[in-house]
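Let the sequences and hints guide you as you build the complete structure.
So the protein lines, in turn, are chains A and B. Take 1 as the starting number for the first sequence in our numbering and just add one per residue. Take 1 as the starting number for the second sequence in our numbering and just add one per residue.
Everything labelled a hint here was simulated from the structure, so no lab data went into it. Check each hint, because a few of them may be wrong.
Which copy is meant is left open, because identical chains are indistinguishable; a pair holds if it fits in one copy or across any two.
[Stated by the list, open to error] In silico lysine to aspartate or glutamate, EDC-like type, Cα no more than 20 Å apart, as pairs:
{"#": "1", "residue 1": "Lys238", "residue 2": "Glu266"}
{"#": "2", "residue 1": "Lys86", "residue 2": "Glu173"}
{"#": "3", "residue 1": "Lys86", "residue 2": "Asp206"}
{"#": "4", "residue 1": "Lys86", "residue 2": "Asp18"}
{"#": "5", "residue 1": "Lys384", "residue 2": "Glu15"}
{"#": "6", "residue 1": "Lys86", "residue 2": "Glu205"}
Quick caveat, the model's predicted, so the values are computed rather than measured.
Here's the letter readout for the chains.
Protein chains: 2
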Amino acid sequence: MKIESVDLFYLRMPEVLDIGDGSQDGLVFRVRSGNFEGWGEAVASPLTSIASWIAPMSHSGCHPVIDSVLGENIDSPADIARIAQKVRSISFYGIIQSDLTFSGVEIALWDLLGRAKGVPIYQLLGYQKSERKTPYASVLFGDTPQATLEKAQLMRNSGFNAIKFGWGPYGRESVAIDREHVIAAREGIGADAHLMIDAGTIFNEDVEAAALRLPALEEAKVKWYEEPVDAAAISLYKQLSLRNSNVRLAGGEGAHNAMQAEALIENGGIGFIQIDTGYIGGIGPAYRVAQFAQARGVQYVNHTFTSQSALSASMQPFAGLKDSWIAEYPMEPKALCQELNLNKISMDADGMISVPESPGLGIDFNLDTVRKYLVDVEIVVNKKVLYQTPTV
Amino acid sequence: MKIESVDLFYLRMPEVLDIGDGSQDGLVFRVRSGNFEGWGEAVASPLTSIASWIAPMSHSGCHPVIDSVLGENIDSPADIARIAQKVRSISFYGIIQSDLTFSGVEIALWDLLGRAKGVPIYQLLGYQKSERKTPYASVLFGDTPQATLEKAQLMRNSGFNAIKFGWGPYGRESVAIDREHVIAAREGIGADAHLMIDAGTIFNEDVEAAALRLPALEEAKVKWYEEPVDAAAISLYKQLSLRNSNVRLAGGEGAHNAMQAEALIENGGIGFIQIDTGYIGGIGPAYRVAQFAQARGVQYVNHTFTSQSALSASMQPFAGLKDSWIAEYPMEPKALCQELNLNKISMDADGMISVPESPGLGIDFNLDTVRKYLVDVEIVVNKKVLYQTPTV
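Here it is in structure tokens:
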């Protein structure tokens, strides 16, 4: 089969707020080949990624992503790997956004291939069966410790046994107030649930500021301390990992290729590697990192804050790994992401989740939602229209 | 002073070839504040970076770069660092192209500040004086070993005592043919000149293929072996560095922030760190890497393949370092880059070069050239024009 068309749809909420909520817009890809269709999403500034898709070539190492994809054969996972390598060979220098852009294409290719072969993606990856995961709800801290407490209770009552709090006021005020938030979160979810804290890189390169929060995290029996410092600051992760023994570090969502994540595992002293398939280049590189982490005793966790289709795409790479048993579950996405899919990954009676057993991602896209939130974009270069929002 | 305007100009040769020559287009920035003006360039896919400059915000961590720059105060180097940190704080997730885009703005801000204060940038960085550097010509391998030989003779005759060959056929044919090219290069430049080889990441993650070229490089007394593997593959650099003792590895041009370069120095076993100020986020992060490298006995080298203004911007960060004595000098840029500036960095009688002593970059832009190669771009989102090529 040949890749006949790739359509990029930029979706956006009518109002986008300046808050740490990444579900307010989206970039959705539709790939067509023969009678089959696959869908995927990139975690990327939509307009920037659209530009990287069609930008005029600058030189042999700076082609637009489209040059690696359109017209290529797509018959097996090896074809996806080949196309991915082509992107890294001809779209790598000066167009680094291409890593994110291609992530959405790559996921759509896996979806298409799974549907064409009638199997879920995890089986295409070589896993015999999918293991059930403990979902964790990922929510923003409240504005006050009291609001965090109430949010924690609400989350726990909605059935989650693992809850992560992040962003919002954390790291922006005093160590004492941060402690109050963390203690409130623990109190709200109860002593028997898993609690994780996401600092959202707020301390940049200030290891001391990040370390000052450790005692409260230990006190609240926090499972992991996520992105305390800049995502690229591998040596600072290492320094921080040597400060304490009970709170493990987590990071990796900023990895936009497999090698960056592997370097963080090898040199950063982390206990959890968090990968977003919509960021790292898709399902193939994420699977590679999952195997790498497994071999080194580091737990692999998906990073997902948007749709159910993104959740499926992010769970496939570690679906078959028993040791990586916790999965991020987007709990508070905006309407766009809530409405984006026709079906969802639901919790079992005992609060566990699994990837769908139906072909491809096993999650379908709602075309009416795509139409409803579609942004009209036109990019014209020297009077030639290089991109125009396609019809759904 | 307040930053009153930033204009982005996309320049392009009438014909862009699918070859490893990055001087075929350019993205030029003009920053204005009060009575002063500064100019800079980003090494980036121009259309992709323009999109990252004005893209609608996705969330609090995914602002367009413009949000960190326009209206900010610019009175001292500390202001530039503050603006850079703002970019890393609000334009980091899903918009990784912003690292490259901001590079051009940052350079223009140093240029403006230097002109406002009447001093060259290297003095703003804290260097007392600039050290003269040995320029090396950076050229592409010929299509045949004979062509490489002739090119080598030509380069040597034009006054260079250090010449680097790269890209072209290297790594695409056999180990034997690659050897012939390297031996031809050595023969052409003579035994007393410095020879460097740039593999241009051609071996991706294949350490063995990269290692197979080492004997010929030793035979030809090559000073460094540049980017044999994928720029992100730090552990493979390390593996390769343990294979031999005489040929040192070089890399780093793919670093789009200071921490990536530092990780390569710390964990990659390299002997030379090559930084492009138009890529790593500008002159500030490049200076930081230069100090980091100096403290660890690694030689800092600029990476420059375009204009004379880009050369000045890339030389400032290590202008005062005596131990880092070699500098890349773009030898074969396309007309666009040859015509872009009104003055240039020339070789002294003894073949050495220095950064200009005049304020800012010390290199002026030719407005006629900007007009001549200017690309007309329009980006419209929901009927609103977000970018339109500005008047020169």
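Here's how the hints hold up against the structure:
no., hint, in the structure
1, Lys238 x Glu266, "both (10 Å within a copy, 12 Å between copies)"
2, Lys86 x Glu173, "between (46 Å within a copy, 18 Å between copies)"
3, Lys86 x Asp206, "between (38 Å within a copy, 15 Å between copies)"
4, Lys86 x Asp18, "between (36 Å within a copy, 14 Å between copies)"
5, Lys384 x Glu15, "between (31 Å within a copy, 16 Å between copies)"
6, Lys86 x Glu205, "between (34 Å within a copy, 13 Å between copies)"
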